[in-house]
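Asker: Single-letter residue listing:
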Amino acid sequence: MGELDEIIKEFLVESNEGLDQVDCDLVALEKQPDDKELIARIFRAVHTLKGTSGILGFPLLESVTHAGESLLSRIRDGRLPMTPAIASALLSLIDFSRRAIQRVESNGSDSGEDGSSLVEQLRSLTGVSPSIGASADVDLYSGQPETHRLGEILVEDGHLSQQAVHEALAQQQSGDSRKIGEILVGTGTVVPKAVVQALGTQADVRSASSASTIRVDVAMLDRVMNLVGELVLARNRTVQFAATSADAGFLSTVQSLNLITAELQEGVMKMRMLAIGNVWNKLPRLVRDMAQACGKQVRIEVDGSETELDKTIIEAIKDPLTHIVRNAIDHGIESPEERRNAGKPVEGVISLRAFHEGGYVNLNISDDGGGIDVERVKAKALARGLMSSEQLARASEREILPLVFVPGFSTAEKVTNISGRGVGMDVVKTNIEKIGGTVDIHSKVGQGTSLQIKIPLTLAIVPALVVTSHGERFAIPQVSLVELVRLDATSGSKQIENVRGAEVYRLRGNLLPLVRLDRQLGVEDRSATDDNLQIVVLQADGRQFGLLVDEINDTEEIVVKPLGKHLKNGACFAGATTMGDGRVALILDVRGLAQEAHVVSENQRAMHGESLSAVANKEDRQQWLLFKAGANARMAMPLSSVQRLEEIRKSDVERSDNQDVVQYRGQIMPLVNVAESFRLEQATSSDPLEVIVHAHRGQSVGFVVSEVLDVVDQTVVPELSGGRAMLGTAVIQQRVTDIVDIDQLAEMALKAAAQPSAALIGA
Amino acid sequence: MRVLIVDDSSTMRSLLRMHMKRAGFEVVEAKDGVEALSILPQAGALDLMLLDWNMPNMSGLEVLTSVRAQQEYDSMRIMMVTTEIEIGGVSAALKLGANEYLMKPFSADAVLSKLEILGLKVA
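Line by line, the protein sequences give chains A and B.
Residue numbers for the first sequence follow my numbering, beginning at 263 and rising by one.
Residue numbers for the second sequence follow my numbering, beginning at 5 and rising by one.
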């Protein structure tokens, strides 16, 4: 029965939409219990659900909605006042129905839950004893138009008394087939002119709320979008091709192809747009339930619900938005007493604002709650070892607040069961960044917190900067772009400074870490000169860095094509696109690139204190030896485990038992190459070798590193990472650094030497 | 034979459409009374209108009253689609010019027998 399946699908969609609307309306109704239009709309939705579930054979759903319908019809007719108890019961009805519909969707049947107590509850509120049943609840007046009745308009316009309308309606009910206007004119209660005028008003109001729409399968829209994407690419190629042509006819054809494609692209994008109100609709209910659960009074205000966004983006921001609002209620808005004491209105306000600006959608979510205490964030950051006290002293508020986005970072003293341990703000940020958006946070103690989210209108076609590095072209999504810096052609390389092995550029007094795109991607040509470099200043994770490229080409609208599965692991790439000349360019994933290059902190993984090992317990300050292993890995070990630093000439290294050894103070000391142990990219080997000597169970072991960088004195709390012989990673000197478990490494290295062919440390 | 289905619920329209098509009807639809009234003049000859009772903007009764006030649709039968909650109004609807009523929830048989009563059954 394919036809019936289709109808059931339609039923699921319609019912869910109806329930969402009822959710909102019910919450609104609690504030304006006399709003007849709201009541009528709620009634109609429940009524429709009852009717359709009855015909489609979902008896449980039918029985509960029937009970709800009876209750609502009494409220609608003014025979029962709206009370908080009724509102709560109706909300339970909505939740119950939603679960039943969920079951229909997954099992094809609504059964699986007992609805009798809910039915009982609704009936007792209706004032009907269960034994009498529904047949007694016949309603003579229902079915009358609820809104914009002619009579109502006449009363509103002052032409008529309520009483006269009732009389005319009664006459209609008793069989007078004339229209209400005719009856009224007939009895002389109103002049014909007033009726004509009122009819005009009625028509205006009604036509305003009727629009013709059709439902289209999303998969179909996706397909059309894809095709338009292809068309855009073909257009780009044609336009480029036309540049070499002198044929006027061809040129004008290309010109119109160009225009039509642009319009088509815009049109298709619009088709996929949904108003953000679709997501916001669910929030009033959430706010109500949560505020009640927290014992707070919270109101939600929305502005710009009609702002439109691509459907995929709407989906992607749904959860982050919900989370932000939850957080605002749970941690932001104070309890009514606290608010009263602070001289604020008892009811807290969460306001949501959405608007378009420069090809992006801006979402502002702010609360008038307690705000975030920067001092507490600082204390926490210090305790967590995210920043040293000197760094914190120097850092501005703007730099401190984003720390709340670090995983596991929560300043709430009380762990509540609602938003938990503050886990989630990191997820919010990650999810928003995943769709090419940014999050900014501002807060003032005592005044509230606000989050500014900026997201692209669509994901499929994005403006990008095209750059060339080592003859290859790459596209960089413009959302991450901050500025472009051109290095002086004659002294380009001289403007790049080298700070302990890392390249930086002094940009208006700040040191900008640099990443060479070609080197990072492993396509470096060592013979190339630094004479003609450009710096693309990019932003990722709230930090800026400079990307060194050979050439900056142009900006272009690119169509994002996902990479094949086998290329998904390349963290540096977000996809591929076809350029105007038909060649393929890779799209850079700025965030991934920054993390690969260790120019922004990589501490996005879990930082839950309880899972940390031994070192975490010694949160006191400690001295760390910082060194470089292989080509570019930064590592550290406690200085206390270092016996000496030695330089050993290569010619002194001997081989014994499959192990490099050296004679050292009358002993034979095994040498462990750290880069090799961790399978890192090897550095060009230096002579003499840099060796860190460590005493392992009374025996000296030499660790060969590529460079000893520094000794730092700071609190280091490593975050767990997967690798063996690793205590984890931590941020030292604002760079991600691996903390080596030196004893384990020594043990493993020596054991592996005893079993020649075994791999040293599994990946 | 042609029928105009007027209902604000898309599920309900689909259900009625299914039944009416099976009964051999050509189907025209409107999602509320306002749309129904605007469609009527251009919809061509219609044998039947299935009219929901409870709709936004304009109730079934209002649509009924308005249609019956226009003589050109006299030959079109109107069947109100109701639930027991509106049953009190059915007699009024019949007096206002409705020809028959169909009570929700309905079965395929119920639809067919109502069509028979209206003399619209297609063999």
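Errors might be hidden in some of the hints.
Within a straight-line C-alpha distance of at most 30 Å, the following computed DSSO-like cross-link-like pairs (lysine-lysine) qualify [said to hold, decoys possible]:
1. B:25 - A:271
2. A:640 - A:573
3. A:455 - A:271
4. A:544 - B:99
5. A:293 - A:544
6. A:580 - A:823
7. A:455 - B:25
8. A:441 - B:25
9. A:544 - A:696
10. A:573 - A:606
11. B:99 - B:118
12. A:706 - A:573
13. A:293 - A:640
14. A:298 - A:441
15. A:298 - B:125
16. A:532 - A:271
17. A:532 - A:293
18. A:271 - B:99
Quick list of the computed label-pair ranges, beta carbon to beta carbon [said to hold, decoys possible]:
19. B:101 - A:296: 45 to 53 Å
20. A:489 - B:101: 22 to 30 Å
21. A:340 - B:75: 35 to 43 Å
22. B:101 - A:581: 48 to 56 Å
23. B:75 - A:433: 49 to 57 Å
24. A:296 - B:111: 52 to 60 Å
25. A:581 - B:113: 42 to 50 Å
26. A:532 - B:45: 29 to 37 Å
Read the hints as simulated data drawn from the structure, not as lab findings.
Don't be surprised by glycine CBs; every beta carbon is placed ideally from N, CA and C.
Asker: Hint by hint, note whether the structure agrees.
Answerer: Each hint, compared with the structure:
1. B:25 - A:271: holds (19 Å)
2. A:640 - A:573: Between residue 640 of chain A and residue 573 of chain A the Cα gap is close to 39 Å, so the pair fails against 30 Å, i.e. violated.
3. A:455 - A:271: Not OK: residue 455 of chain A and residue 271 of chain A at ~49 Å, beyond 30 Å, violated.
4. A:544 - B:99: violated (44 Å)
5. A:293 - A:544: Distance ~17 Å between residue 293 of chain A and residue 544 of chain A Cα, so the pair holds.
6. A:580 - A:823: holds (24 Å)
7. A:455 - B:25: Since the Cα atoms of residue 455 of chain A and residue 25 of chain B sit roughly 45 Å apart, the hinted pair is violated (cutoff 30 Å).
8. A:441 - B:25: Given that 30 Å is the threshold and the Cα spacing comes to 33 Å, the pair is violated.
9. A:544 - A:696: holds (23 Å)
10. A:573 - A:606: Outside the cut-off at roughly 39 Å; violated.
11. B:99 - B:118: holds (18 Å)
12. A:706 - A:573: With Cα atoms ~34 Å apart, residue 706 of chain A and residue 573 of chain A exceed 30 Å; violated.
13. A:293 - A:640: violated (41 Å)
14. A:298 - A:441: holds (23 Å)
15. A:298 - B:125: violated (41 Å)
16. A:532 - A:271: Holds. Residue 532 of chain A to residue 271 of chain A sits at ~25 Å (cutoff 30 Å).
17. A:532 - A:293: Violated, at about 35 Å.
18. A:271 - B:99: violated (38 Å)
19. B:101 - A:296: 45 to 53 Å: At 34 Å between Cβs, range violated.
20. A:489 - B:101: 22 to 30 Å: The hint (22 to 30 Å, Cβ to Cβ) is violated, given that residue 489 of chain A and residue 101 of chain B are roughly 51 Å apart.
21. A:340 - B:75: 35 to 43 Å: Once the Cβ atoms are compared, 37 Å apart, the range 35 to 43 Å for residue 75 of chain B and residue 340 of chain A holds.
22. B:101 - A:581: 48 to 56 Å: holds (53 Å)
23. B:75 - A:433: 49 to 57 Å: violated (23 Å)
24. A:296 - B:111: 52 to 60 Å: violated (40 Å)
25. A:581 - B:113: 42 to 50 Å: Given range 42 to 50 Å: holds, Cβ gap about 47 Å.
26. A:532 - B:45: 29 to 37 Å: holds (32 Å)
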